[in-house]
Amino acid sequence: MTSDITVFVNPTAGRGRGAQAAPVVTEALRDAGYEVTTVQGRDAATALAGAREAVAAGTGALISVGGDGMAALALQAVAGTEVPVGIVAVGTGNDFARATGLPVRDPAAAAEVVVGALESGSTRAIDLGKAGETYFGTVLASGFDSRVNDRGNRMSWPPGRFKYDVAMVAELASFRPIPYKMRLDDGPETEIEATLVAVGNGPSYGGGMRICHEARMDDGLFDITVVGRCSRRTLLRVFPRVYKGTHLTHPAVTVHRAARVSLSAADVTGYADGEPLGPLPLTAECVPGAARVLVR
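Here the sequence shown is numbered in our numbering, starting from 1 and rising by one per residue.
Heads up, none of these hints are tricks.
For lysine to any residue, the following SDA-like pairs were computed, each having C-alpha atoms within a straight-line distance of at most 20 Å:
id: 1; residue 1: LYS181; residue 2: ALA258
id: 2; residue 1: LYS244; residue 2: HIS256
id: 3; residue 1: LYS244; residue 2: GLY208
id: 4; residue 1: LYS181; residue 2: GLU191
Just so you know, the hints here were simulated from the structure itself, not pulled from any lab data.
Treat the numbers as computed from the prediction; the structure is a model and nothing was measured.
All chains should be built: construct the whole structure from the sequences, respecting the hints.
Structural data, given as structure tokens:
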């Protein structure tokens with residue numbers, strides 16, 4: 001492995017934690033004898049272009065410093081290559097780091113993992129989901145949760161994550177079950193009414209909501225969680241259980257496993273790793289061993 005390492009930074013992640021974490025990571029790498037180049041951009045497209053350029057030039061590893069959005073960009077750059085990705089998770093959600101057993105909001109500990117993995121060659125091959133040309137590491141969300149995201153993204157107040165709480169209350173007041181068409185692998189297209197359909201390469205989204213609680217990132221399959229037609233009262237009762245994954249035992253919830261899933265529904269946006277993919281219909285495929293992650 002080359003001694004040239006690229007640190008891929010979102011300085012605004014976690015209300016500035018990205019900017020604070022970057023020097024911790026670069027210092028740890030330089031102290032270990034690595035040459036470090038830092039890549040960041042004025043926007044996601046510019047940052048991704050810089051990361052892809054570094055990967056194409058043969059960087060020894062791409063180290064994401066930020067939240068799930070930055071990790072998602074890093075995955076776009078390394079997917080299908082031999083370049084491993086390191087994760088220094090200092091964002092708000094940090095679901096990808098949780099899924100891979102890496103430190104969360106502890107830059108020094110995360111940097112120690114990165115350096116140790118580089119020195120020992122310790123990596124874990126993981127699957128990635130792919131919808132169109134976009135890869136995702138955790139969950140592709142659609143339905144009630146994506147409509148909450150849509151509404152929250154349009155709101156300028158209240159600040160931060162609080163606006164998504166307000167958005168959830170507003171969506172709940174007007175929500176109706178969504179007619180979906182769903183196809184798993186080469187099976188028949190089925191029509192269902194659902195509150196949401198979540199396609200999990202990893203188990204959680206939204207900062208620890210284990211919507212696809214039993215999903216594994218190395219089995220070549222998605223876990224597809226379908227929350228069926230249910231009342232607002234039932235949804236409010238089931239929702240808190242998602243943090244422990246115990247919602248899966250509720251009769252309104254079913255789980256399927258497949259390597260490919262196609263979803264169609266009117267006026268529903270798909271979100272992957274918390275970022276908008278675009279309106280349904282969408283088809284997602286599980287790509288086995290698409291990325292290598294630096295691990296303990």
